[in-house]
Amino acid sequence: MFDMEIFRMIGSGLLETLYMVLVSTAMAYVLGLPLGIALVITDKDGIRPMPFVNRFIGIVVNVLRSVPFLILLITVLPITKKIVGTTIGPNATVVPLVIASAPFVARVVESSLKEVDKGVIEAAQSMGASPWKIVYKVILPEARPSLIVGGTIAVTTILGYSAMAGIVAGGGLGDIAIRYGFYRYQTNIMLVTVALLILIVQILQEIGMKLANIGDRRNG
Amino acid sequence: MGSDTMSSGNPIIRIEGLSKTFQGVSGDISALEDISLEIREGEIFGIIGMSGAGKSTLVRCMNFLEKPTKGKVWFNGRDLSQLTKKELYQIRRSIGMIFQQFNLLMQRTVAGNVCFPLEIAGVDKKAAAKRAEELLTLVGISDRADSYPSQLSGGQRQRVAIARALATNPRVLLCDEATSALDPSTTRGVLTLLRDINRRLGITIVVITHQMKVIEEICSRVAILDSSHIAEVGSVEDIFTRPKTSAARRLVFPEDPSMGKLSGTRCCRIVFNGNSALEPVIAEMVLEFRQVVNILFADMKNIDGKAFGHIVIQLPDSGMVADRMMEYVRSKGLTAEEVEGYV
Numbered sequence: 010m011f012d013m014e015i016f017r018m019i020g021s022g023l024l025e026t027l028y029m030v031l032v033s034t035a036m037a038y039v040l041g042l043p044l045g046i047a048l049v050i051t052d053k054d055g056i057r058p059m060p061f062v063n064r065f066i067g068i069v070v071n072v073l074r075s076v077p078f079l080i081l082l083i084t085v086l087p088i089t090k091k092i093v094g095t096t097i098g099p100n101a102t103v104v105p106l107v108i109a110s111a112p113f114v115a116r117v118v119e120s121s122l123k124e125v126d127k128g129v130i131e132a133a134q135s136m137g138a139s140p141w142k143i144v145y146k147v148i149l150p151e152a153r154p155s156l157i158v159g160g161t162i163a164v165t166t167i168l169g170y171s172a173m174a175g176i177v178a179g180g181g182l183g184d185i186a187i188r189y190g191f192y193r194y195q196t197n198i199m200l201v202t203v204a205l206l207i208l209i210v211q212i213l214q215e216i217g218m219k220l221a222n223i224g225d226r227r228n229g
Numbered sequence: 049m050g051s052d053t054m055s056s057g058n059p060i061i062r063i064e065g066l067s068k069t070f071q072g073v074s075g076d077i078s079a080l081e082d083i084s085l086e087i088r089e090g091e092i093f094g095i096i097g098m099s100g101a102g103k104s105t106l107v108r109c110m111n112f113l114e115k116p117t118k119g120k121v122w123f124n125g126r127d128l129s130q131l132t133k134k135e136l137y138q139i140r141r142s143i144g145m146i147f148q149q150f151n152l153l154m155q156r157t158v159a160g161n162v163c164f165p166l167e168i169a170g171v172d173k174k175a176a177a178k179r180a181e182e183l184l185t186l187v188g189i190s191d192r193a194d195s196y197p198s199q200l201s202g203g204q205r206q207r208v209a210i211a212r213a214l215a216t217n218p219r220v221l222l223c224d225e226a227t228s229a230l231d232p233s234t235t236r237g238v239l240t241l242l243r244d245i246n247r248r249l250g251i252t253i254v255v256i257t258h259q260m261k262v263i264e265e266i267c268s269r270v271a272i273l274d275s276s277h278i279a280e281v282g283s284v285e286d287i288f289t290r291p292k293t294s295a296a297r298r299l300v301f302p303e304d305p306s307m308g309k310l311s312g313t314r315c316c317r318i319v320f321n322g323n324s325a326l327e328p329v330i331a332e333m334v335l336e337f338r339q340v341v342n343i344l345f346a347d348m349k350n351i352d353g354k355a356f357g358h359i360v361i362q363l364p365d366s367g368m369v370a371d372r373m374m375e376y377v378r379s380k381g382l383t384a385e386e387v388e389g390y391v
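Residue numbers (our numbering), protein chains in the order written: chain A, 10 to 229; chain B, 49 to 391.
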């Protein structure tokens, strides 16, 4: 049914997808983690309440999250061209992926960090811990299992976005699915790529949950 | 009696004219109003009040977790409002604090929890581990050093929290409803440990509670907080035997029987202190006057190793006899006061 050519294509599509997703996730966390932390600590009940800063970050995050990914993808093409030099292929797709997922990551991180017991933070304050020390010695370690679960959600969401980038020849499995399955009616190739995407989501989900449980000491 | 002999008398915490208001949805809510207090070095000072009286806010003003809206707090002679952030962090290391919900780090071991304040203070890892070991031995759970808090019982968790609060050698330990989540026998164990820490290490302890038992068990002096105000401050003995305010009475004599169906209308509360509790005062009084009295209520307590108690009796109808009976009781060195509304 498939010749070597197609196998090779699917194989490199798979690698491209993994590359895009992992690089984008990493970069989204580089931006989103500090933003998420900022959202939590500048909150009115946070350890450094700064209502103005909190509102500002909140609005930026909401605006970016409101734009549908497909539209964002096309809107930022000029920016992508400036940064990467091209608008096609996996490297180019990383740019809109990061722009779209960083605010998402910020919210995921925010909700994880807000789960940390206020009393524990108060205890740290009573010991004379500075806000910075409370962040990296109390809030982040205590939220670790939840952050890992959030990371799993983020990575699978980014995987979904990356597949959409196929519409502008963004590379990866989504690109193949759209080109062969959608434009050329080669349903079997589309099915294979979709099955691979499902498999990746399953594996990432399993790994994420395992990691989260291994690191969690709340249940003894 | 305990207070003056046990403490050296220097105030370690001094609060003057402290008020705290919170901004609520429908205007400002006053949590504390014009509080002035002195906590002496070496004593165990209790602050008791009903829930919502402002106890927790008051104790948080002592380490500036809450900043007072008005008034001043001095710790060891230093005005907390004048400190820079860094100085405040430094001072907080001299003020340990434990909580009702223990507030341990759930992702750290017991030993890791005790090391935590030392890490913050910049103590090196080895020294911190050694100190944690000592402290866990002191609180009696050295065998659980590698467990996680989720594997411990409530009493054990509070012991870890105590060890953690003591790690930086504080001069004061603030206890915010520290035993309220524990069962009675565990409470007793934790209170014994606190008393032991007070005696052996000379650490001043401030106990916030709504439980009279806790005050009786370990405190030498007590302040009664009633709807944002201090109703009464004094030695536990004084407040137990001669509560002056209605707020104090509500706490000391909570089981108001208010029973009816009795002939006389005048009642008298007689308060016993340690020495006279052994004399059969009431029986002798009845023999002397050849008139019966009705005991409406009696409660005996053990405070600081001495027996204290109070009873409420219904006096005979004859006003003259009633007056003389009260005189008689007073002549025996007891406190007698007429109470209204019993019958």
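Hints were generated in silico from the structure; no laboratory data involved. Bear in mind that the values here come from a model prediction, so they are computed numbers and not experimental data. All C-beta atoms in this analysis are idealised placements derived from N, C-alpha and C, irrespective of residue type, glycine included. A portion of the hints provided could be inaccurate.
Pairs of lysine-lysine residues, derived as DSS-like cross-links and limited to a Cα-Cα distance of at most 25 Å, are as follows [stated by the list, open to error]:
1. B/K292 / A/K53
2. B/K349 / A/K127
3. B/K292 / B/K349
With the Cβ distance kept under 8 Å, some of the chain B side facing chain A (calculated, not the full set) [unchecked claim]:
4. V107
5. Q130
6. Q138
7. L153
8. K178
9. R179
10. S201
11. F356
Take a look, some chain A residues computed to stay more than 10 Å from chain B by CB distance [as the list claims (entries may be wrong)]:
12. I66
13. V129
14. Q134
15. M136
16. V147
17. V203
18. G224
19. R226
20. R227
Taking the earlier hints as the rules, which of them does this structure contradict?
The structure breaks hints 1, 2, 4, 5, 8, 9, 10, 11, 13, 14, 15, 16, 18, 19, 20; every other hint is satisfied.
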